[in-house]
Amino acid sequence: MPQVTRTHPAPTMPTGTEVASYATYLEAQQGVDFLSENGFDVSAITIVGSDLHLVERVTGRLTIARA
1 MPQVTRTHPA PTMPTGTEVA SYATYLEAQQ GVDFLSENGF DVSAITIVGS DLHLVERVTG
61 RLTIARA
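The sequence shown: position 33 = 33 (UniProt numbering), numbered continuously.
Worth flagging that the hints you see were computed from the coordinates, not collected in a lab.
Wrong hints could be hidden among the right ones.
Stated by the list, open to error - Quick list of simulated restraints, FRET-style, between CB atoms: (1) 26 with 59: 17 to 23 Å; (2) 41 with 65: 26 to 32 Å; (3) 12 with 37: 27 to 33 Å; (4) 38 with 10: 31 to 37 Å.
Keep in mind it's a predicted model, so treat the numbers as computed, not measured.
All C-beta atoms, glycine included, are put in the ideal place defined by N, C-alpha and C.
My request is simple: use the sequences and hints to build the entire structure.
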């Protein structure tokens, strides 16, 4: 049986303007929560870590139902 290979596009660094910098990921999440609570569309936000291990594109507020 032939093996199916799935290809995913190579990850790219996000583009845009840095609007905040936080010491921890938790602080960055809290910043996103604050914006969301005040009506800001957070779907365009990207959290980028230092010593990059993860790029997370935010699609909405994280709630218990979405966790």
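17 to 23 Å as the expected CB spacing between residue 59 and residue 26, which holds or is violated: Since the Cβ atoms of residue 26 and residue 59 sit about 19 Å apart, the hinted range of 17 to 23 Å holds.
Whether the CB-CB distance between residue 38 and residue 10 falls inside 31 to 37 Å: 35 Å, holds
Range hint compliance [Cβ, residue 41 to residue 65, 26 to 32 Å]: The hint (26 to 32 Å, Cβ to Cβ) is violated, given that residue 41 and residue 65 are roughly 19 Å apart.
Satisfaction of the hinted span 27 to 33 Å by the C-beta atoms belonging to residue 12 and residue 37: 30 Å, holds
The earlier numbered hint that this structure contradicts is number 2, and it is the only one.
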